[in-house]
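Peer 1: For reference, the chains in residue letters:
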Amino acid sequence: MKNLQHKYYESYKDNKLLFPGLDITWLKELREEAIAQFKKDGFPDKSVEEWNNHSYKNLKEKYFTPFSDNKFEINSKLIEKRGSNCVIRVVFYNGTLTNIEYDNLPEGIEVNTLTHFIKHKPSFLKDKISSAYKYAEERLSNIVDSRPQSIVAFNTAFHQEGAVIHIKKNVKVPGFIELLHIGEYSKDTMQHMRSLVYLEEGSECEVLENIINDTANDLVFTSNVTDIYVSKGASLSFNCFIKGGTNNIHINNIHGAVHEDSKFTSTSIMSALGQVRSENRINLLGENASTKIDMLLLGSKDSLLEGLTKVKHSKKNTFSDQKARIILNENSKASFQGKVRVDKGSDGTLANMSSKSLLLSKKARVNSKPELEILADDVRCSHGVTIGNLSLEQMFYLRSRGIPEVEARKLLVSSFGNIIIDDLNKNFIDKAKKIMTDYFND
Amino acid sequence: MSTTLEIKDLYVEVDSKEILKGLSLKIEHGEMAAIMGPNGSGKSTLASVLAGKEGYNIVNGTIKYLGNDLLKMSTEERASSGVFLAFQYPVEIPGVATSTFVRTALNAQRRNRGEDELDAMEFLKLARQKAKELEMSEDFFQRAVNVGFSGGEKKRAEVFQMSMLSPTLAILDETDSGLDIDALKIVAEGVNKLRDNKLSGIVITHYQRLLDYLKPDTIHILADGKIIKTGDKSLALLLEEKGYQGITGAN
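Residue numbers (my numbering), protein chains in the order written: chain B, -8 to 433; chain E, 1156 to 1406.
Okay, chain E solo, but in the shape it has when bound (with noise of 0.2 Å):
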């Protein structure tokens, strides 16, 4: 199995803030990766980082990303290699209907990689078919980006735009609040579709509700800044059985 991900010894400070106090992952080709933490642990800072949000300040350590430097590459350029973060709080666009959005960055990606654009009879075909996997009703590709969408029907757009995009490594984070148990099983119906596709991932969350379909090859715990435990399943089973502070021994 080759390497996707490899973070070494992060230090991430926020405002001056240190919020990772290195932290060390590696993601290996087609593993699902949970990684779950109490609040103020870093985890939505981890997603950030890796998407390339700005405002972060990169302290110390190296992300390797297929044997590429992930810090030195854009926020777009990390999309179009297929880095994909689905967002705790999608971001509403008025003005932008989801249709545009998607096949603009769809198109945006092609051309990044030298592909050819795909014309709107293609881009409409394809989105039809993602649409009805995820069990969407096809009004939404005329609404604007996220306005107005229900909490699961933003969670949902973002696994259609995932699905759309067609990642190597995607990002989940807290893909499950806001869903209920139907909405639930559909979005993780909708990522483990794309993981016959050999898609690496990283769910952040902090139930074991969603990875009982998710069913990850590992699970880390992150705390303080750090992973401080590594495991399978039955370590999600022990965390909810004893809480974080069983676990990582804290008072």
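Isolated chain B, as found in the complex (with noise of 0.2 Å):
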């Protein structure tokens, strides 16, 4: 592994032209902090807590290059029409702008690529990019852990481009921003994007983003981590519907700075054939800041999904809902790992976290762990965690009543996950019932 540390750090080095902002002093700085941290703690092994359910073998064996191989050539099975409701669209290609789609846009909205902000408007990127070390994890041994962020790390120096969404103050934008990434990489190759949502006071905003990574054949690693402020009194609420080829590892992080009054919801939507992993990392920052995190992971064939949530509650008064659910076929397997912790002093903390998965095969495997570190006095906290099969109660009572066997298991399976997708804004509802539909038909 060391071996394969100094590879990349060499790698690092030798593609300096493919990764943008470093001619910006702090830029440089942040990347270079970040390949240091990584050159230090490698990929996360099991000996990580967040990291002990499953070994990506792949990721720790295989050396992947920088992708640098845009022939802008696009596949457009994979890229459907821009939806009705949405003011503007990002289309990313291997990782490269291939088009930004909007009719009208509306004042106050800024949507570009990370690069177009590096070259045009560095000053705003500054301090809103943040370092790996920011959502380093506390141990209640006092020790900062900064090892389960080494991917973020790893992000952080080797990201190629990204979005850029700022929406200013009191405006509340209409319909819905979409990010789409489409993958058709290369074999052996990664690319890693970098995004921003920004949220000014008072404004509203609802983001799409849309992972396609079609890679039968052909090993690939890629990673999003987004960085997410929603100021006071704002509102934000962030889709995130990955799709990955059998041989795709794709790792995702939401870092989300939630303040005072406002309110950040989350979603992700998993469904891959080979392994994906989503973070989600939500900082409480104010009084009566709220967020609400959903994830629905669809397993099948030889799949691994993970879903990891941290939610730190650090003022008064501050709610949180974590809700996740797991369907599984096949050979596949996943993780939950929710986390709940209430700072000293954030009293009038409520905060609920459940997770429930449904085994549809013998061979299905899941780890469901919900943690919770509370070191305020008048807080309340709930979790549960069920996995189970298929009910024969509720089996029986749909055919009893003439719904066929296959028929009546659909059903149960998608009202499992509807309880995550009927949720959702409704601008999401068909896309995510078509990730299900999808699910069913493979």
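Any given hint could be a false lead.
Claimed, not checked - With a straight-line Cα cutoff of 30 Å, these simulated BS3-like cross-link-like pairs (lysine-lysine) come out:
(1) Lys72/B <-> Lys4/B
(2) Lys335/B <-> Lys324/B
(3) Lys1219/E <-> Lys1208/E
(4) Lys324/B <-> Lys422/B
(5) Lys424/B <-> Lys1280/E
(6) Lys4/B <-> Lys159/B
(7) Lys1285/E <-> Lys347/B
(8) Lys31/B <-> Lys125/B
(9) Lys1227/E <-> Lys353/B
(10) Lys1309/E <-> Lys314/B
(11) Lys19/B <-> Lys53/B
(12) Lys1208/E <-> Lys354/B
(13) Lys424/B <-> Lys1309/E
(14) Lys1348/E <-> Lys401/B
For the record, the hints were derived by calculation from the structure and aren't laboratory data. These figures come from a predicted structure and were not determined experimentally.
Please dock the two separately framed chains into a single complex, following the hints provided.
Peer 2: As structure tokens, then:
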């Protein structure tokens, strides 16, 4: 592994032309701090608590070269038409911008690529593209552990592109903003995207991040890290739908800073045949800040899906609600780790967490681990975990009404997922339902 | 009168324990039969076996439904050919709206019988009419099946489903339990409305009260896995007076 770490370190130095912003002091320092951190920590192994469910063998054994082979040929099959309520859509193909589509962009909404902002407005990005250390794990022993964030450090060093969304004060975005990432990378390559969503005071916005990696035969490694800021009284709904091919390793990280009286909803739906891991780390930084984190993991064949959430209640009267639903078929595996941390003095915290898994085959496996770290006195926290098969009582009830067995199974499985889908904003329900239908049909 | 259901000498085991021990019962077309009996006598087992629930081992006996071998039919085939079980404990199905559930069921049955499916508008029209008859608010169409329903609402929803699916043989497994007098009356009226359409029924109950409204043609006492006494409504009155022990002669 040390060898591999060194190889990536050399690769970073050799491929500097691929990484924008090295002429800007703070960004250069950020990248260099990150590659140094990665050189020290490497990819997390099973001794890191957050990574102890599955070893990402390919990540630790294979070497991936930064993707640089852009042909600008777009496979239109994977790019659907822009939705009617989508005010602006940014389309990336293999990590490169291909199009920004909009009709009449209302005032107060800025959406462009990371490279555009680096070139034209680097000062806006400063202190918003954050260091991996910012979300390092504080252990109860007071040790600060940077290792769980080493993929974020890796992304911070190697990111080539990304999207930036900036919503100005009191602007309420009509419809939604879509970030579409289509990936058809060549073998043994990697691509890392770094995005920023910044909502000023009192603004409101819905975002769909649609990640489709179609890599049936070739092993590729991709990551997205999104820094999110929800200022006082603002409201953001961030919906991340991830579809991945058989040999794709995709690691997604969402870092949310949620301020006073603001609201952040994050929904992730993952349906992949390879390995997908989605981490949501949300800090509630002002009174009455609230967050809702929903995850739906749909596993089949030999897929590995992991969801990790961490909500940190740092101020009084903050609220969080986490819901994970996991449906696994065939040989698929999944894990859910959900953590609620209530800092000292954050009284009046209300935190709920529930994780339910449905195993549809004998070989499917799931690990679910809820964790509460409560350092305040006056809090209400709940957590619940269930793992089971389809209920025989429910099956009998449906069949006794004349619904054939196959249809009854489908109805029950989708109803299990609907708990997440029905909570989506109406702009995204059809898309999410389509992911469910594709999951059944594959 | 032709026969809707004929059970002959039925022996059923659950987990190797014999529950039904030579039960015979005949229900004619349009007949409403009440089955009363002490706890553990096998009433709910009979209901489950008729509906086709798994986990029941039929050791001996035959069940003919409209001349066909009921035991050879799958649960969904039984439903499509008109067998309906109103559950003692209706099952909650989070994430499925009641209207989606009933429409899926109704159309599956229609498909199975070679009839055209109802479209959304036709279905809604029928559902509204039936809900009105049962004095149910239409709000429950969009609520998940039985989730958060009160005991009375659950039973009423069972009768709503029954009236939507218009069965030939309805088995009401303690549909009166958990209902107050007003709800009981509405539920019974709902069932009686269907009787005009020549419904046969098996009403499993512990109480005389439901029978006051449903006015069954026959009353059967089920004890220790078989029918030990059959009579008319006077049997129920006798039962009320003397209790099961007084009738079965057990000490």
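Peer 1: Next, verify each hint and record whether it holds.
Peer 2: A quick look at each hint next to the structure:
1. This hinted pair does not check out: Lys72/B and Lys4/B have alpha carbons roughly 39 Å apart, beyond 30 Å.
2. Under the criterion of a C-alpha separation no larger than 30 Å, the hint pairing Lys335/B with Lys324/B is inconsistent with the structure, at around 36 Å.
3. Among the hinted pairs, Lys1219/E with Lys1208/E is consistent with the structure: their alpha-carbon atoms are about 17 Å apart, no more than 30 Å.
4. Between the alpha carbons of Lys324/B and Lys422/B the distance comes to roughly 24 Å, so the proposed pair stays at or under 30 Å and holds.
5. Under the criterion of a C-alpha separation no larger than 30 Å, the hint pairing Lys424/B with Lys1280/E is consistent with the structure, at around 27 Å.
6. Annotation: proposed proximity of Lys4/B to Lys159/B is violated, straight-line Cα distance about 37 Å (limit 30 Å).
7. Proposed proximity of Lys1285/E and Lys347/B is contradicted: the alpha carbons are some 36 Å apart, above 30 Å.
8. Taken as a hint, the Lys31/B and Lys125/B pair is honoured in the structure, with Cα atoms around 17 Å apart against an allowance of 30 Å.
9. Between the alpha carbons of Lys1227/E and Lys353/B the distance comes to roughly 29 Å, so the proposed pair stays at or under 30 Å and holds.
10. For the hint linking Lys1309/E to Lys314/B, the alpha-carbon distance of about 27 Å falls within 30 Å, and the restraint holds.
11. This hinted pair checks out: Lys19/B and Lys53/B have alpha carbons roughly 27 Å apart, not beyond 30 Å.
12. For the proposed pair Lys1208/E and Lys354/B, the alpha carbon gap of about 27 Å is at most 30 Å, so the pair holds.
13. Distance restraint check for Lys424/B and Lys1309/E: the Cα-Cα separation of roughly 29 Å lies within the 30 Å cut-off, and the hinted pair is therefore satisfied.
14. Using a Cα cut-off of 30 Å, the hinted pair Lys1348/E and Lys401/B is violated, with the two alpha carbons roughly 34 Å apart.
When held up to the earlier numbered hints, the structure conflicts with 1, 2, 6, 7, 14 and fits the remainder.
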